[in-house]
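Participant: Based on the provided sequences and hints, a complete structural model is requested.
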Amino acid sequence: MNRRTLLSASLSIAAMSGFAVPARADALTTIRDRKKLLVAIDLGSPPFGQTDAQMQPTGSDVETAKLLAADWGMPLEIVQVTSPNRVPFLLTGKADMVIASFSVTEERKKVIDFSNAYGVIQIVVAARKGTEIKDHASLAGKRVGTTRGSSNDKEFTSLNTGAQIVRYDDDATLITALVSGQVDIMATSPQVMAAANGRASGSPFEVKIVVKTNPYAIGIRKGEAALQAALNEWIAANLANGKLSAIYEKYNGVALPAQMPSA
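Residues -25 to -1, 1 to 238 in mature numbering (1 follows the signal peptide of the UniProt record, and there is no 0) are what the sequence shown lists, from first letter to last.
The hints are simulated quantities; they were obtained by calculation from the structure and are not laboratory data. Keep in mind the model is a prediction, meaning the values are calculated, not measured. Keep in mind that a hint or two might mislead.
Within a straight-line C-alpha distance of at most 20 Å, the following computed PhoX-like cross-link-like pairs (lysine-lysine) qualify [what the hints assert, rightly or not]:
| id | residue 1 | residue 2 |
| --- | --- | --- |
| 1 | Lys84 | Lys225 |
| 2 | Lys225 | Lys41 |
| 3 | Lys85 | Lys197 |
| 4 | Lys109 | Lys10 |
| 5 | Lys117 | Lys129 |
| 6 | Lys84 | Lys41 |
| 7 | Lys84 | Lys197 |
| 8 | Lys41 | Lys10 |
| 9 | Lys104 | Lys117 |
| 10 | Lys183 | Lys109 |
| 11 | Lys84 | Lys10 |
| 12 | Lys41 | Lys129 |
| 13 | Lys197 | Lys69 |
| 14 | Lys129 | Lys183 |
Using C-beta positions, here's what the derived DEER-type ranges look like [claimed, not checked]:
| id | residue 1 | residue 2 | range |
| --- | --- | --- | --- |
| 15 | Ala212 | Asp8 | 20 to 26 Å |
| 16 | Ala211 | Thr67 | 26 to 32 Å |
| 17 | Gly156 | Val229 | 24 to 30 Å |
| 18 | Arg103 | Ala215 | 37 to 43 Å |
| 19 | Gly156 | Ala212 | 43 to 49 Å |
| 20 | Lys104 | Gln139 | 21 to 27 Å |
| 21 | Lys129 | Asp27 | 39 to 45 Å |
All C-beta atoms in this analysis are idealised placements derived from N, C-alpha and C, irrespective of residue type, glycine included.
Facilitator: Shown next as structure tokens:
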């Protein structure tokens, strides 16, 4: 056998047996082997994620992630994200999951998977008390602030109201814009509206239109059936024992619905 024939035979054998890429471990196994939970959380989205006076992470999503890590017996590492980069950080493996008031939408379900719902969030149009907004048509030509890449942004944009939409990178920046008078109307959640009222003077903001009520859930990469099952089991247990509702009520001022909507 000459050298060329030998090389060709060697490459054929290698192609069959030597060049296979090792199978990637599933996410749940990776988490357990690492013994640390990497959770993407938006700390610019009060009351779900924010920092306190000592610049420590707090909020309902932070407490939810801490509860999950404690129940799974491992430390928590928060991977800070914003609304626009939640999915990219998840898909590139920078986090094991996203716990960031992550509304379940058909568009997102094409790219990632979700756990069962652990909370709900409304999309509303809000403005100062005394501002007359009867319907979506009333918004034509008006400046409306929202958070870039959020479900609030997408749902409101899809309405085609004729409003001039002003997008901010996170909820904290949107709140600052509202308090400083850069915009007077917002397409957001009641929680963000409440946070703005906590900082604003004068007439309070109030809900003018309820656009939609969405469940939110934990986002994970597609195909992670074991992780999804483990999260669903954990959510069911902590809805039943009241811990998730207590966290939600602590930061949102209302209890979770008795019957959670399907995610």
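Participant: Indicate, hint by hint, whether the structure satisfies it.
Facilitator: Status of the hints after comparison with the structure:
1. Lys84 x Lys225: Roughly 29 Å between the alpha carbons, so the hint for lysine 84 and lysine 225 is violated.
2. Lys225 x Lys41: Within the cut-off at roughly 15 Å; holds.
3. Lys85 x Lys197: Within the cut-off at roughly 9 Å; holds.
4. Lys109 x Lys10: 53 Å, violated
5. Lys117 x Lys129: Holds, because 18 Å separates the two Cα atoms, which is no more than 20 Å.
6. Lys84 x Lys41: 25 Å, violated
7. Lys84 x Lys197: Holds. Lysine 84 to lysine 197 sits at ~9 Å (cutoff 20 Å).
8. Lys41 x Lys10: With Cα atoms ~14 Å apart, lysine 41 and lysine 10 stay inside 20 Å; holds.
9. Lys104 x Lys117: Distance ~16 Å between lysine 104 and lysine 117 Cα, so the pair holds.
10. Lys183 x Lys109: The hint holds at about 7 Å.
11. Lys84 x Lys10: 28 Å, violated
12. Lys41 x Lys129: Between lysine 41 and lysine 129 the Cα gap is close to 29 Å, so the pair fails against 20 Å, i.e. violated.
13. Lys197 x Lys69: 15 Å, holds
14. Lys129 x Lys183: 18 Å, holds
15. Ala212 x Asp8: 20 to 26 Å: 24 Å, holds
16. Ala211 x Thr67: 26 to 32 Å: 30 Å, holds
17. Gly156 x Val229: 24 to 30 Å: 29 Å, holds
18. Arg103 x Ala215: 37 to 43 Å: 41 Å, holds
19. Gly156 x Ala212: 43 to 49 Å: Cβ of glycine 156 to Cβ of alanine 212: about 46 Å, so the range 43 to 49 Å holds.
20. Lys104 x Gln139: 21 to 27 Å: 22 Å, holds
21. Lys129 x Asp27: 39 to 45 Å: 30 Å, violated
This entry does not satisfy hints 1, 4, 6, 11, 12, 21, going by the numbered hints stated previously.
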